[in-house]
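**Q** Sequence:
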Amino acid sequence: MTDSESERGSEHELPDRVRRAFADHGSFEPAADGVWTAETTPFDGDVRAEPAADGRVRFLVTVRVPTLSAVTTDEVADVVEEGWTETFELRVVDVGGVTRKEREFDPTVTIDGDEIRVGFELTDINERRGVDDAGALINFVEGTYVQGVIPGYEYTEPVTDLLSAARRQANGGAF
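Under my numbering, the residue at position 46 of the sequence shown is numbered 48, and the numbers go up by one with no gaps.
For the record, the hints were derived by calculation from the structure and aren't laboratory data. Among the hints, a few may not be true.
[Said to hold, decoys possible] The following label-pair restraints were derived from C-beta to C-beta distances: (1) Arg66 / Asn128: 21 to 29 angstroms; (2) Glu117 / Gly174: 32 to 40 angstroms; (3) Asn128 / Glu83: 20 to 28 angstroms; (4) Gly174 / Glu83: 17 to 25 angstroms; (5) Val82 / Glu117: 29 to 37 angstroms; (6) Asp46 / Leu92: 20 to 28 angstroms; (7) Glu15 / Asn173: 29 to 37 angstroms; (8) Glu104 / Gln149: 20 to 28 angstroms; (9) Asp96 / Arg66: 14 to 22 angstroms.
Glycine included, each C-beta is placed from N, C-alpha and C at the ideal position.
Could you put together the complete structure from these sequences and hints?
**A** What follows is the structure in structure tokens.
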């Protein structure tokens, strides 16, 4: 292998420092090569990390949450579902101030059946800050989702657990 082949190969391999940052964070479990799954949310949240230019790391954060009608036992009128989805999208793209480093985001929000997929991208030279920020984005989506829960519906998992945890938190950990 020539030096240039070796350099090209190393550009596409994730540095061990990134793997260690995910392992030390405590909120993620490895899922596949370069992908970590968030373990602190009932939603499907994952982060793909890949090398970027100049020693930086690119983090692709994806969080999948259910639509309102997917987590209620009650019938949800189309107009309510549409309004809830629009409000969730407006809130989730207003992501300023949740990350350690001030960043500009251009989040994507896509709806596929009963699932809403929210995606963020960030690049950082500091892998630990990048992992922290990826986790903060996942938590932000979860919090935004919980804020949008509409009273008066009977909810199913995972919303019932999220609401129960929020009530416990509000009561200082007591039931």
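**Q** For every hint, state whether the structure bears it out.
**A** Hints, one by one, checked against the model:
| no. | hint | result |
| --- | --- | --- |
| 1 | Arg66 / Asn128: 21 to 29 angstroms | 27 angstroms, holds |
| 2 | Glu117 / Gly174: 32 to 40 angstroms | 34 angstroms, holds |
| 3 | Asn128 / Glu83: 20 to 28 angstroms | 40 angstroms, violated |
| 4 | Gly174 / Glu83: 17 to 25 angstroms | 35 angstroms, violated |
| 5 | Val82 / Glu117: 29 to 37 angstroms | 18 angstroms, violated |
| 6 | Asp46 / Leu92: 20 to 28 angstroms | 22 angstroms, holds |
| 7 | Glu15 / Asn173: 29 to 37 angstroms | 48 angstroms, violated |
| 8 | Glu104 / Gln149: 20 to 28 angstroms | 23 angstroms, holds |
| 9 | Asp96 / Arg66: 14 to 22 angstroms | 20 angstroms, holds |
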